[in-house]
Amino acid sequence: MFRLDRRHVVLAAMLLFAAGCGRSASVPEAIEVYDVKTGYDDGGSASGQNRLLPTIAFKVRNKAGRTIHSVQFNAVFRVIGDPEELGAQLIQGIDYDGLPPGQSLGPFTLRSMFGYSGEQARVEMFQHQSFQDVQVQVFAKQGGDQWVKLTDLVVDRQLLAIAPAPAAQP
1 MFRLDRRHVV
11 LAAMLLFAAG
21 CGRSASVPEA
31 IEVYDVKTGY
41 DDGGSASGQN
51 RLLPTIAFKV
61 RNKAGRTIHS
71 VQFNAVFRVI
81 GDPEELGAQL
91 IQGIDYDGLP
101 PGQSLGPFTL
111 RSMFGYSGEQ
121 ARVEMFQHQS
131 FQDVQVQVFA
141 KQGGDQWVKL
151 TDLVVDRQLL
161 AIAPAPAAQP
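Quick note: the sequence shown uses our numbering, first residue 1, plus one each step.
Note that these hints are calculated values from the structure, not bench results. Idealized CB from N, CA, C, for every residue including glycine. It is possible that part of the hints are untrue.
Derived lysine-lysine pairs resembling DSSO-like cross-links, with alpha carbons at most 27 Å apart [what the hints assert, rightly or not]: (1) K59 <-> K37; (2) K63 <-> K141; (3) K63 <-> K37; (4) K149 <-> K37.
Here are the computed distance ranges between Cβ atoms for each label pair [said to hold, decoys possible]: (5) E32 <-> G143: 16 to 22 Å; (6) D152 <-> D97: 27 to 33 Å; (7) Q127 <-> A46: 18 to 24 Å.
Put together the whole structure using the sequences plus the hints.
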């Protein structure tokens, strides 16, 4: 006859608790993208020409029942119909402390370092015959896992007024 003593019950409970606490939710089950804005950010001027940089801003929500930890986001920009990247930006989105269930984080703003330039006003650049639409794909990755596509959008032909991130307080 098998008999459990109190030490075995306590040990089993501790192991189950540790296993449940140590496991993070995965990107596909946890990450929900919302409040997405796409457009073109003011890239300043270079050689007397105005620059427009394709940009995406978004927030994420943890829709899983567990905290998700250590997630990177990568935005890849391409001119529609061109397989070559126009540009990309990779950021650490969710740190090791994690994003608890039901909580949100962001906005995250990712932009290409390459875009369009011209002598005309930025808003007039959208009407130029050489202007081509850009698509953005946003991916997420946790640790050594594979990249997961979160969204795939055409960047809106609009100027974005995205405030810079606040400076760190000493």
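Evaluated hints:
1. Restraint check for K59 and K37: satisfied, since their Cα atoms lie roughly 10 Å apart, inside the 27 Å limit.
2. Note on K63 and K141: the hinted pairing holds, with a Cα-Cα distance of about 16 Å set against a maximum of 27 Å.
3. Simply put, K63 and K37 have alpha-carbon atoms about 21 Å apart, close enough for the 27 Å limit, and the pair holds.
4. Distance restraint check for K149 and K37: the Cα-Cα separation of roughly 17 Å lies within the 27 Å cut-off, and the hinted pair is therefore satisfied.
5. Evaluation of the 16 to 22 Å hint for E32 and G143 yields a pass: the beta carbon distance comes to about 20 Å.
6. Taken as a hint, the range 27 to 33 Å holds for the pair D152 and D97, whose Cβ atoms sit roughly 29 Å apart.
7. Look at Q127 against A46: about 21 Å separates their beta carbons, and that is inside 18 to 24 Å.
Checked against the numbered hints given earlier, this structure breaks none of them.
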